Amino acid sequence: EVQLVDSGGGLVQPGRSLRLSCAASGFTFDDYAMHWVRQAPGKGLEWVSGITWNSDSIGYADSVKGRFTISRDNDKNSLYLQMNSLRPEDTAFYYCAKGSTVTFRDYFHSWGQGTLVTVSS
Amino acid sequence: QSVLTQPPSASGTPGQRVTISCSGSSSNIGSSYVCWYQELPGTAPKLLMYRNNQRPSGVPDRFSGSKSGTSASLAISGLRSEDEAHYYCAAWDDSLSGWVFGGGTKLTVL
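In order, the protein sequences belong to chains L and B. The letter at position 15 of the first sequence is residue 15 when you use the numbering used here, and the numbering goes up by one with no holes. Offset between the second sequence (1-based) and the numbering used here: plus 121.
The following block holds chain L by itself, in its conformation from the complex (with noise of 0.2 Å):
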């Protein structure tokens, strides 16, 4: 069964950094991309970046490029989000999401449980 344990949301200061986590397990992992998704309180979902199953091609939302980085550890199974730079507007629970295959234009086939990252002084 496919697992995906997102963690390292917060509370955070306008301006600062946070480091998303995404742990995998249940498949194999460097079989396919991995993507980031966003969504703010009581509003839709919003496509944050993805990274093919190598690292060789990475995608971001424009409204994040620049800031955000993402990047994956085949051998710890795990997925990344840098956060730099900070908004209050990046406040949103942000899911790990496993893709369908290799490249990250496939749909996302599964999401992780979320983590909540709020942006506030």
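Some clues are possibly wrong.
[Claimed, not checked] Quick list of the computed label-pair ranges, beta carbon to beta carbon: (1) LYS76/L - SER142/B: 39 to 49 Å; (2) SER178/B - SER121/L: 42 to 52 Å; (3) THR164/B - LEU11/L: 34 to 44 Å; (4) ARG19/L - ARG183/B: 36 to 46 Å; (5) GLY15/L - ARG201/B: 23 to 33 Å; (6) THR229/B - ASP30/L: 33 to 43 Å; (7) ASN54/L - PRO177/B: 43 to 53 Å; (8) SER71/L - LYS227/B: 31 to 41 Å; (9) SER178/B - GLN113/L: 34 to 44 Å; (10) LYS76/L - SER132/B: 31 to 41 Å; (11) GLN137/B - PRO14/L: 41 to 51 Å; (12) LEU217/B - GLU89/L: 25 to 35 Å; (13) LEU217/B - PRO14/L: 20 to 30 Å.
[Unchecked claim] Listed below are the simulated EDC-like cross-link pairs for lysine to aspartate or glutamate, each with C-alpha atoms no more than 16 Å apart in a straight line: (14) LYS167/B - GLU46/L; (15) LYS167/B - GLU203/B; (16) LYS43/L - GLU160/B; (17) LYS167/B - ASP30/L.
[Stated by the list, open to error] Looking from chain B toward chain L, a few residues come up when the C-beta cut is under 7 Å (computed): (18) TYR171; (19) PRO181; (20) PHE184; (21) TRP213; (22) SER218.
No wet-lab data here; the hints were simulated from the structure. Owing to the predicted nature of the structure, the values given are computational and were not obtained by experimental measurement. Virtual Cβ for every residue (Gly too), placed ideally from N, Cα, C.
Given the coordinates of chain L, assemble chain B onto it according to the supplied hints.
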């Protein structure tokens, strides 16, 4: 403002058929597969439909998907109380080089 357009709400009575629409453009729905996600209250989204009309294992055949041009739709027949949830469409956008979502439709079973 979401790139894909969905009605904010839909409703039906048990046993009815309900359809949720998703409208996009040539750079997303018009050139990519559409997928749908169901978000039950207090839970993470779950894949409901992929590649326009393919159901993952475990999704009842009461759910069906279709796509025509730059629009897609999700149909739910034999509506049940447990179908009450938010439904989101999504597609890859070639112009943005990223995934785009609809704003979500809250389905109420009356």
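Hints and how they fare:
no.: 1; hint: LYS76/L - SER142/B: 39 to 49 Å; result: holds, 42 Å
no.: 2; hint: SER178/B - SER121/L: 42 to 52 Å; result: holds, 47 Å
no.: 3; hint: THR164/B - LEU11/L: 34 to 44 Å; result: violated, 23 Å
no.: 4; hint: ARG19/L - ARG183/B: 36 to 46 Å; result: holds, 42 Å
no.: 5; hint: GLY15/L - ARG201/B: 23 to 33 Å; result: violated, 47 Å
no.: 6; hint: THR229/B - ASP30/L: 33 to 43 Å; result: holds, 42 Å
no.: 7; hint: ASN54/L - PRO177/B: 43 to 53 Å; result: violated, 25 Å
no.: 8; hint: SER71/L - LYS227/B: 31 to 41 Å; result: holds, 35 Å
no.: 9; hint: SER178/B - GLN113/L: 34 to 44 Å; result: violated, 21 Å
no.: 10; hint: LYS76/L - SER132/B: 31 to 41 Å; result: violated, 46 Å
no.: 11; hint: GLN137/B - PRO14/L: 41 to 51 Å; result: holds, 47 Å
no.: 12; hint: LEU217/B - GLU89/L: 25 to 35 Å; result: violated, 18 Å
no.: 13; hint: LEU217/B - PRO14/L: 20 to 30 Å; result: holds, 26 Å
no.: 14; hint: LYS167/B - GLU46/L; result: holds, 15 Å
no.: 15; hint: LYS167/B - GLU203/B; result: holds, 14 Å
no.: 16; hint: LYS43/L - GLU160/B; result: holds, 12 Å
no.: 17; hint: LYS167/B - ASP30/L; result: violated, 22 Å
no.: 18; hint: TYR171; result: holds, 5 Å
no.: 19; hint: PRO181; result: violated, 18 Å
no.: 20; hint: PHE184; result: violated, 15 Å
no.: 21; hint: TRP213; result: holds, 5 Å
no.: 22; hint: SER218; result: holds, 6 Å
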